[in-house]
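Participant: Here are the chains, one letter per residue:
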Amino acid sequence: MTQSDSVLEGLSKLPVLPPSGSVSARIKTMTSRRLAPRPLNPLWAVAIAGSALCYLAWALQFVSALVRHG
Amino acid sequence: MIPRGDFEIVSLLARRDSRGLEMAYENYAARVRSFLYRMTRRDDLSDDLLQVTFLKLAEKGAELRHDSDVRAWLFTVARNAYYDSLRLSPEIGLTDEHLNALPLPTKESDAELMLGDLEDALAHLRRQDRELLLLIGVEGLSHETVATMLHVQPATLRQRLSRARARLLSELERAQAPLGKPHERTSA
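If you read the sequences in order, they're chains A and B. The numbering used here numbers the first residue of the first sequence as 1 and each following residue consecutively. The numbering used here numbers the first residue of the second sequence as 1 and each following residue consecutively.
A portion of the hints provided could be inaccurate.
Restraint-style ranges between C-beta atoms, simulated for each label pair [unchecked claim]: (1) B:LEU86 <-> A:ILE48: 15 to 25 angstroms; (2) B:ALA155 <-> A:SER51: 57 to 67 angstroms; (3) A:SER51 <-> B:GLN153: 50 to 60 angstroms; (4) B:ALA166 <-> A:LEU40: 19 to 29 angstroms; (5) B:ASP44 <-> A:PRO15: 12 to 22 angstroms; (6) A:SER12 <-> B:ARG127: 52 to 62 angstroms.
These are computed hints drawn from the structure, not numbers from a lab. By construction, the Cβ of each residue, glycine as well, lies at the ideal position given by its N, Cα and C atoms.
Just chain A, same shape as in the assembly (with noise of 0.2 angstroms):
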């Protein structure tokens, strides 16, 4: 074994230098928060229902208009 290559061994003994309990917790914390996903914008629902509305109050017009000269 070369000196250099019992450096690289020695250099794998290096002790690991794990975060404090509170920096884990704080972490953890702060990472699940992130990966939740994101509740959907009140604008954006009321968007979506007012859309959702208008096209039904239109197919309802259609039908009877439909029917009216049917």
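Following the hints, position chain B against chain A.
Facilitator: Then chain B, alone, in the frame of chain A:
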């Protein structure tokens, strides 16, 4: 070779299941933090960069390919976060003042002395040499993985690694010669 646990982590993250994050954290946080600490030599900064890394995983984890190497992905994000932080605050890099303040090894046994010397010698290397030795020597990432991370050809990586080893050896020799003498080195 991708660790078997990574497939499970990726599949959990694809479903935005927080267990995927927990597994990734348990498996890799300590190693990533060790890398960041040895790059920055600052507890607060390495904790912040670790947080940035895992927040990125929470954000982008669902987009990972099923055969992704999570460990390599995390080290890549951590490394990028480190270089981003350097761009924002260049003073993060070790200055002569930092280097002189680094404690000299005071461990009793030969093995501990050797590890202390290694830490000391690593801290005095240029960033590029240090990251190579950390990723390959300490973290055990493959040459191919690190070449991809650094966007270099494997042959170039081997040359750079060989130069980094040589510089580490010369730092070690310098550190072991006059123990207790102030450092007379400069960092890149």
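Participant: Which numbered hints are broken by the structure, listed smallest first?
Facilitator: Violated: hints 1, 4 and 6.
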